[in-house]
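Numbering (UniProt numbering), first residue to last: 1 to 159.
Hints listed in this document are in silico derivations from the structure and should not be mistaken for laboratory results.
Take the hints with a grain of salt, since some may be wrong.
[Said to hold, decoys possible] The calculated SDA-like cross-link candidates involving lysine to any residue, where the alpha carbons are at most 25 angstroms apart (straight line), are:
hint: 1; residue 1: 25; residue 2: 140
hint: 2; residue 1: 100; residue 2: 35
hint: 3; residue 1: 25; residue 2: 128
hint: 4; residue 1: 100; residue 2: 70
hint: 5; residue 1: 100; residue 2: 155
hint: 6; residue 1: 100; residue 2: 2
hint: 7; residue 1: 25; residue 2: 61
hint: 8; residue 1: 100; residue 2: 152
hint: 9; residue 1: 100; residue 2: 158
hint: 10; residue 1: 100; residue 2: 75
hint: 11; residue 1: 100; residue 2: 159
hint: 12; residue 1: 100; residue 2: 150
hint: 13; residue 1: 25; residue 2: 78
hint: 14; residue 1: 25; residue 2: 144
hint: 15; residue 1: 100; residue 2: 126
hint: 16; residue 1: 100; residue 2: 28
hint: 17; residue 1: 25; residue 2: 15
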Amino acid sequence: MIRSATPDDVPLIHAMVRDLAEYEKALDEARATEEQLREALFGERPAAFAHIAVDDGSGAEEVVGFSLWFLNFSTWRGVHGIYLEDLYVRPEARGGGHGKALLTELARICEERGYERLEWSVLDWNEPSINFYRSLGALPQDGWTVYRLTDGALAELGS
Numbered sequence: 001m002i003r004s005a006t007p008d009d010v011p012l013i014h015a016m017v018r019d020l021a022e023y024e025k026a027l028d029e030a031r032a033t034e035e036q037l038r039e040a041l042f043g044e045r046p047a048a049f050a051h052i053a054v055d056d057g058s059g060a061e062e063v064v065g066f067s068l069w070f071l072n073f074s075t076w077r078g079v080h081g082i083y084l085e086d087l088y089v090r091p092e093a094r095g096g097g098h099g100k101a102l103l104t105e106l107a108r109i110c111e112e113r114g115y116e117r118l119e120w121s122v123l124d125w126n127e128p129s130i131n132f133y134r135s136l137g138a139l140p141q142d143g144w145t146v147y148r149l150t151d152g153a154l155a156e157l158g159s
């Protein structure tokens, strides 16, 4: 089952963000606090959105994954799209259809709202995820390289 996140989910989302960062071998880079996530998701001007995957097979709702996303815009298409920042399913729940259900919900939102793209990044070494995404019909965007400014370089350019 997939549902929209609530403010009560923020501690679980925060924990899973950290789990994902650890899996991606970058835990030291995961500096977001629960309060920052709460503000981004549920503040006066939400900048991001989240869905929760729950396993309710035992009768009690157990959170097993999440997606966190925001709107982007394509000047070529002239419409919004969704950029999926994080998709995570706890290891013990993988293979149960939760990841596909989270992506299906985002694709449904795109279709409902007239968005023409659902995009995300995946680490080159993450073969299980790459294979999963390809099985859904997702295609890599060969020829494009992601660039990022952070920390000192961002501060220097912005000064």
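Hints, verified against the model:
no.: 1; hint: 25 with 140; verdict: holds (22 angstroms)
no.: 2; hint: 100 with 35; verdict: violated (29 angstroms)
no.: 3; hint: 25 with 128; verdict: holds (16 angstroms)
no.: 4; hint: 100 with 70; verdict: holds (18 angstroms)
no.: 5; hint: 100 with 155; verdict: violated (38 angstroms)
no.: 6; hint: 100 with 2; verdict: holds (10 angstroms)
no.: 7; hint: 25 with 61; verdict: violated (29 angstroms)
no.: 8; hint: 100 with 152; verdict: violated (38 angstroms)
no.: 9; hint: 100 with 158; verdict: violated (39 angstroms)
no.: 10; hint: 100 with 75; verdict: violated (28 angstroms)
no.: 11; hint: 100 with 159; verdict: violated (43 angstroms)
no.: 12; hint: 100 with 150; verdict: violated (32 angstroms)
no.: 13; hint: 25 with 78; verdict: violated (36 angstroms)
no.: 14; hint: 25 with 144; verdict: holds (23 angstroms)
no.: 15; hint: 100 with 126; verdict: holds (17 angstroms)
no.: 16; hint: 100 with 28; verdict: violated (28 angstroms)
no.: 17; hint: 25 with 15; verdict: holds (15 angstroms)
The structure fails hints 2, 5, 7, 8, 9, 10, 11, 12, 13 and 16 (numbered hints given earlier, in ascending order).
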